[in-house]
Amino acid sequence: MTIINHIPVLLVAIPILASLLILGLGWYDRRFCYPIALITILSQFLASIAVLLQVLDGGTIRYHLGNWAPPLGIELVIDSFNGFILVVILLLAFATIIYARRSVGKEITPDKIVSFYVLFQLLVTGLVGMTITGDIFNLYVFLEISSITAYTLIASSRKPHSYVASFNYLILGSIAAGFILLGIGNLYVATGTLNMAELAVMLPASYHLATVHSAFLFLMIGFSIKAAFFPLHLWLPDAYAESPSAVTVLISTVMAKVSVYALFRILFTVFTTAYIIDSFPVTRFILLMATVAIIAGAILAIAQEDLKRMLAYSSISQIGYIMFALGVANEIALEGGLLHILGHAVMKGCLFMVAGVIIYRMGTSRLSDMKGLSKTMPISCAAFALAGASMIGIPPTIGFMSKYYLVLGAFEAGLWPYAAVLLVGSLLAAIYIWRFIEIVYFGVPHGDPHGDDHKNATAREAPLSMLAPMVGLGVLCLLFGIFVEVLMQAVGPAVLLLLGGA
Amino acid sequence: MMENVVIRTVSRLAVPFIQIFALYVIVHGASGAGGGFQGGVVFAASFILMIIAFGMPNVRRRIDNRGIMWLSVIGIAIYAGIGFLALLMGGNFLEYAAIEAALGIPHLHGILIDLVEAGIGIAVMAAMVSIIFDIAGNGEESS
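Here the protein sequences come in this chain order: R and C. Start counting the first sequence at 1225; every next residue gets the next number (the numbering used here). Start counting the second sequence at 49; every next residue gets the next number (the numbering used here).
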């Protein structure tokens, strides 16, 4: 056995050890924290690429913990679907940890820095665990790890309102976790197993049972709360707007995506398309809610006066796009949905980083304070424009490619009115993105009675360690859009796996 | 609190037994119902009793935040260490049989399970005590 065979467990075990190391060494000297976290997440990222290539080459990897074969033991499974998600979330986690160093120094009190990095590392661990586990109860355990660390991280900001945001999220997140646990319990009652692959085999015999239907609804509602799917999104705007910038970037990109991933995983590989389309037709309802989410999220985003809050509502709209793919549930739309998971993570990461940089330099995220900002922070504003173009869906960005596939998928399914909603959503996105562009590029800083304009004069371009990941993600929006064929080599097999129900 | 002789005397008597029982639950984890988590919680319960009976400063003198941090680190390190030992011996993560085969000691896996359970127990105990300190700490900073 070589080290490559053990990558699945190392992806989870090494960062847990690293978080201990951060805690122990951080006690002596705070400066140890950052490099350990950076190196760990970088090596996780590289390992995830290696493992994805291996999966695309040689098929699904199954790792039996303690060499106990399922159903007795817990297994970690990496297939083309979660291998792809794994690379996406670790790419974003890596960009965030680079970005975090300066941002954390400014927004978090020094005595909390050690625990910040420990929790950051554990949050990434929990999300990676959620992604690669093949056991549905194990999924719940990792969900709790990531949720609890996320609550704490949101509350780690200096702003007192972050405690309220964190508490609201704690309540809703716990309700979600309760639903998920009930769902898992019902599935266990119906089948007697917790292994996802085995569940998929055993469930068809019990598709008619009320136990299975209720399990499905519990899981669906629980993960919809975690993913902030439209009517269940109420925790999201506060949690995104009040938490420290680096945490916002991480939870808005990585955490939201993993919740969506879990929903896809349960709907398509545990319940399979046979259940969600024929036996318990739910896809049309999801599609309807997704279109409401796209429009409502975008309109709420337009109404915001605060940059971070605007981006938070925009996230609700974008989650709608991903759920749209789930509702259409054909091959092309799902390809678009998976591309949008990547694309939205990259562009929203970039946009929140810009928001964080503005807070770092100016101490405000009110849109009205940012007039003429492009003069003092040209690179940040350009990165925002690039990622914003992707958010609207201007070719050749990744945002265009994913929406293109979604619209094609809707056409193929004959859902013409729904396809029109996608285009309306893009137009609404253009409005709120353009508002920021107009303010920073064409707004003239005027001297108002409160003297707010002097903030612009003192603002400078962000430090390099914050600029680099931000610009990197902005450029990736463009590169992924141009070289979308490369991505399709990973996305294509993943979609076949989802629809094949294997 | 200081004037209540009954509580203090009973607690002084009960605490060692609670802790012995906690250790029993931890060690029993290898062969039956029980295990590190349950045992760790019971062990932490003995500290709650001590806090109720003797007051927070008294307990803090015996186990402070630095101690708690090290206990939790050591606990998880024991668990992960044995997991990685199995990897080094050519097995999967936490595959006790691989360590047993590599070292050639019969029935080693039972001892290894006990060690892992002890690690979990230490970590859980430390985490529980830390939660109690934070909740009952009269608002003083403890992190």
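Incorrect hints may appear among the rest.
[As the list claims (entries may be wrong)] Only some residues are given here: those of chain R computed to face chain C with a beta carbon under 10 Å:
#, residue
1, 1237
2, 1282
3, 1285
4, 1288
5, 1707
6, 1708
7, 1712
In case anyone wonders, no lab produced these hints; they're calculated from the structure. Every residue gets a Cβ at the ideal spot worked out from N, C-alpha and C, and that includes glycine.
Status of the hints after comparison with the structure:
1. 1237: holds (6 Å)
2. 1282: Since chain C brings no Cβ nearer than about 19 Å to residue 1282 of chain R, farther than 10 Å, the hint is violated.
3. 1285: violated (13 Å)
4. 1288: holds (6 Å)
5. 1707: Violated - the Cβ of residue 1707 of chain R stays beyond 10 Å from chain C, reaching only about 36 Å at its closest.
6. 1708: Because about 37 Å separates residue 1708 of chain R from the closest Cβ in chain C, which is outside the 10 Å limit, the hint is violated.
7. 1712: violated (34 Å)
This entry does not satisfy hints 2, 3, 5, 6 and 7, going by the numbered hints stated previously.
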